Amino acid sequence: MKKYPALYFTAFILAITITACRQSEYERLVKNELARNVRYDSLFLGLRFNMSSKEFYTACWEMNKQGLIMQGPGNLSVQYQLDSSQMRSLTYMWFYPDFKNDSIYKMPVEFQYVYWSPVFQPLSADSLLVDVKNLFEKWYGGSFLYQESKDGLQKVWVKVDGNRRIRLYKKNISTVSAEFLDLINSK
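Residue numbering for the sequence shown is 1 to 187, as defined by the numbering used here.
Wrong hints could be hidden among the right ones.
Unchecked claim - Capping the alpha-carbon separation at 20 Å, the derived lysine to any residue pairs in SDA-like fashion look like this: (1) 31 / 72; (2) 133 / 146; (3) 106 / 72; (4) 54 / 44; (5) 187 / 158; (6) 155 / 136; (7) 54 / 66; (8) 155 / 24; (9) 171 / 116; (10) 187 / 40; (11) 65 / 50; (12) 106 / 171; (13) 106 / 66; (14) 155 / 144; (15) 150 / 26; (16) 138 / 92; (17) 171 / 88; (18) 138 / 179; (19) 155 / 143; (20) 155 / 72; (21) 170 / 117.
Because the hints were derived from the structure by calculation, they are not lab data. Everything numeric in this text was worked out from a predicted model, so none of it was measured.
Please put together the full structure from these sequences, using the hints given.
Here's what the structure looks like:
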């Protein structure tokens, strides 16, 4: 130890620096995007973060009158149908926002191919995830960051633009989930 004190000191400082810089790519992305102080409130179909519940219901009422949307399963969500020009096959899109202080801050969305069947592999959730990711890259630009939990059980595609985080993941064998979250108003 007496022969190389500078070497040991340098190694110690290097170890501390590496440990301190072990921020994940996702954490760096969120930090950098929030630091830009740019808001991205648009979601889809003219819906947006910070929309009041009254504005949301009015917008949905108008889209329903135009035949763009309808009530989802169990009358618990809004249903929109994506056609085969946007997806591999006709696809249901179900959504209903979460409100905080009467403003949309989170929008959970689920996708499922209309003709999904457990025996028809081309319409599996794996294929659907690729379709939804490609569609979202067209709608929102850029690319998604792939993340996997330490145990490998949760696989998620993430995109962060300013305050808007979008997560995509396979929910089950037939369904893909997307989640839009306003990172500023979710705290």
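Now for the hints, and whether the structure bears them out:
1. Restraint check: the Cα-Cα separation between residue 31 and residue 72 comes to about 36 Å, which exceeds 20 Å; the hinted pair is violated.
2. With a CA separation close to 11 Å, the supplied pair residue 133 and residue 146 stays within the 20 Å bound.
3. With a CA separation close to 18 Å, the supplied pair residue 106 and residue 72 stays within the 20 Å bound.
4. In summary, the hint linking residue 54 to residue 44 is supported, as the alpha carbons are separated by about 17 Å, within the 20 Å threshold.
5. For the given pair, residue 187 sits about 19 Å from residue 158 by alpha-carbon distance, which is consistent with the 20 Å threshold.
6. About 17 Å separates the Cα atoms of residue 155 and residue 136, which keeps this hinted pair within 20 Å; it holds.
7. For the suggested pair residue 54 and residue 66, the alpha carbons sit about 19 Å apart, so the restraint of at most 20 Å is met.
8. Annotation: proposed proximity of residue 155 to residue 24 holds, straight-line Cα distance about 15 Å (limit 20 Å).
9. In summary, the hint linking residue 171 to residue 116 is supported, as the alpha carbons are separated by about 14 Å, within the 20 Å threshold.
10. For a cut-off of 20 Å, the pair hint linking residue 187 to residue 40 stands: about 17 Å separates their Cα positions.
11. Taken as a hint, the residue 65 and residue 50 pair is broken in the structure, with Cα atoms around 24 Å apart against an allowance of 20 Å.
12. Between residue 106 and residue 171, the direct Cα distance comes to roughly 18 Å. Compliance with the 20 Å bound is thereby established for this hinted pair.
13. In summary, the hint linking residue 106 to residue 66 is not supported, as the alpha carbons are separated by about 25 Å, beyond the 20 Å threshold.
14. Simply put, residue 155 and residue 144 have alpha-carbon atoms about 12 Å apart, close enough for the 20 Å limit, and the pair holds.
15. Taking the CA atoms of residue 150 and residue 26, the gap is about 14 Å. The hint holds against a cut of 20 Å.
16. A threshold of 20 Å between alpha carbons decides the hint, and for residue 138 with residue 92 the separation of about 18 Å falls inside it, so the pair holds.
17. The hinted pair formed by residue 171 and residue 88 meets the criterion: a straight-line CA distance of about 19 Å does not exceed 20 Å.
18. For the suggested pair residue 138 and residue 179, the alpha carbons sit about 17 Å apart, so the restraint of at most 20 Å is met.
19. Between residue 155 and residue 143 the CA atoms are separated by roughly 16 Å; this keeps the pair inside 20 Å, and the hint holds.
20. Between the alpha carbons of residue 155 and residue 72 the distance comes to roughly 27 Å, so the proposed pair goes past 20 Å and is violated.
21. With a CA separation close to 16 Å, the supplied pair residue 170 and residue 117 stays within the 20 Å bound.
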